[in-house]
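J.: So the protein lines, in turn, are chains A and B. Each residue of the first sequence is one higher than the last, beginning at 1 in the working numbering. Each residue of the second sequence is one higher than the last, beginning at 1 in the working numbering.
FYI, nobody ran anything at the bench for these hints, they're computed from the structure. Incorrect hints may appear among the rest.
[What the hints assert, rightly or not] Some but not every residue of chain A turned toward chain B, in silico, with C-beta under 10 Å:
(1) 173
(2) 174
(3) 175
[Claimed, not checked] Listed next, the in silico BS3-like pairs over lysine-lysine satisfying Cα-Cα at most 27 Å (straight line):
(4) A/165 x B/131
(5) A/165 x B/111
(6) A/168 x B/131
(7) B/131 x B/191
(8) B/191 x B/111
(9) B/131 x B/111
(10) B/235 x B/19
(11) B/111 x A/168
(12) B/19 x B/61
(13) A/123 x A/270
Every residue, glycine too, gets a C-beta built ideally from N, C-alpha and C.
Chain residues, written in single-letter form:
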Amino acid sequence: MSDDLSFFFLLMSNGLLIGLMYSLIALGFVLVYKATDAINFAQGEFVMIAGFVTAGALMVWGAPLWVAVALALVSLVAFGFVLERVMLRRLIGRPVIAVVMATIGLAAILRGVGPFVIFSGTKPLPLPIRDEPFMLGPIFIPPIQLLGAGVSLAFLAGFGWFFLKSRKGIAMRAVADNQQVAMAMGIDVERYFGVAWAMTGVVSALGGILWGNLLGVDVNLALVGFKVFPVVILGGLDSIPGAIIGGLIVGVVENIAAGYVDPYVGGGTKDFAPYVLMILALMIRPYGIFGKRIIERV
Amino acid sequence: MLGLNNVEVIYDGVILVLKGVSLNVRDGGITTLLGANGAGKTTTLKAVSGLLRSERGDVTKGSIEFSGERIDRLPPHAVVRRGIVQVFEGRRVFEHLTTEENLIAGAHIQKDRQRVAGGIERVYEYFPRLKERRSVQSGYLSGGEQQMLVIGRALMANPHVMLLDEPSLGLAPMLVEEIFGIVQQLNRQEKLTVLLVEQNAALALTIAEHGYVMENGRIVLDGSADALRENPDIKEFYLGLTEVGARRSYRDVKHYKRRKRWLS
Ligand SMILES: Nc1ncnc2c1ncn2[C@@H]1O[C@H](COP(=O)(O)OP(=O)(O)O)[C@@H](O)[C@H]1O
Ligand SMILES: [Mg+2]
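Just chain A, with the same shape it has in the complex (with noise of 0.2 Å):
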């Protein structure tokens, strides 16, 4: 095989595991958006506080690694549950930006209090698989993403099956559609608001271990939430299907960015083109490649 044509199936196979990662935490976000209609601009700070609980617990108090992934996860739901019950539940009915202020202004806080709570600096969040990449020919694949893209992948499609079969799931699905008639059918649509934030906390816990152990746990850990964006924009806010692709897609085109562009314009654009993918997908498919469309009946 060429070294160009092995140097592209590097980037892809790269770029799609990374994608998966990125679809993990995008599952997050569209869980809100699909329950309750809340935009989340505090998903990335989500992920950040799970690797702050997670790499706490490991390298400031000694705990086992099983205890360090039970307390992130049910920190975050909890965290999840309450979020909804004293801020969240205050703003149904109220002005979509009264929700995105609130949780831009929330984001800021968590950026402030992991730190300053749990510690300061950068820590490692170590997990016990092994560091030398797996080799598959020209392809060499780092472990930790291969157990990502598997959790990822894993979780993408039992929420998939909870949203698509499940009685609960449906009801999921009523209250997204319809807040009032979903009442009116004895759904008890603010349990199943705190139900959705719960599983975005699960996610997000997740997320934060897997992406943690990655690039390190500190204040930048949240820069992963930016990534959601460009995913839910081009798979559709509020579907899981869309969350998968969209991740994949920009896993891709930011792998791809990096091995041919960035060489020529000394680095940067792997940051920037999965946005530049975002505002074209926007300007020519609002809905999303998966998003659900306003019915409009003659």
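With chain A fixed as given, assemble chain B with the ligands onto it according to the hints.
T.: Relative to the frame of chain A, chain B with the ligands by itself:
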């Protein structure tokens, strides 16, 4: 029995909409609530179902009782659990869900899976057309099919009482008759109690046994369906309006208003 006693409803703390409404819905019967647009019919139904609060409305006076229990302070899901379900005007399906998913969502309070499956079959028996369209996204159903779906979806909660808001709105006369026929069947075969809100008085009075007429947040007339059909005011204003069309002379309306003032 479902009863409203002197119910007053205020929206937003200041907008007085229901000004002391009393009415009774007999168990196992069809009762109709007639009135022009803006009279307060939908508000009356929302007061019963507990959905007022989601629109910042409140029952500020009077009480609503069902089977001897006060229900005007209950949240909507508690009202549904007691067997009262509201079907909104305007065929509000969950438009991104399929027909069958709408029915499943309607069975939310039913824990037993077997019963849900049985409920779906029962709905398909009454509305065979829904079975043909079971996996279609409901936003793309025709208006008539959507009206059948919202009634079917409400049946999934296994209600004692159905609050049915203007099912005839915007549907072709033949479809309306078909749907009214099914409502009557449900009433007879399933012992379903119905509170039917309508502007189409002529049709509503053919299937109801008792009716109330609402104007401006007050009940201005009530009686058996036969008596109402023979009432000169109803004949002139409501039946006239619906049978000949909306182009009755202004004088008739004025006359009705005079009578109404006298009545209330
Ligand atoms: N959510 C609300 N907030 C304020 N006013 C309302 C609300 N809903 C209805 N109203 C007012 O209450 C009156 C009665 O409305 P409604 O109950 O919908 O009448 P109907 O169903 O008989 O047409 C109308 O004047 C309407 O403007
Ligand atoms: Mg109405």
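J.: For each hint given before, does the structure comply? Return the numbers of the non-compliant ones in rising order.
T.: none
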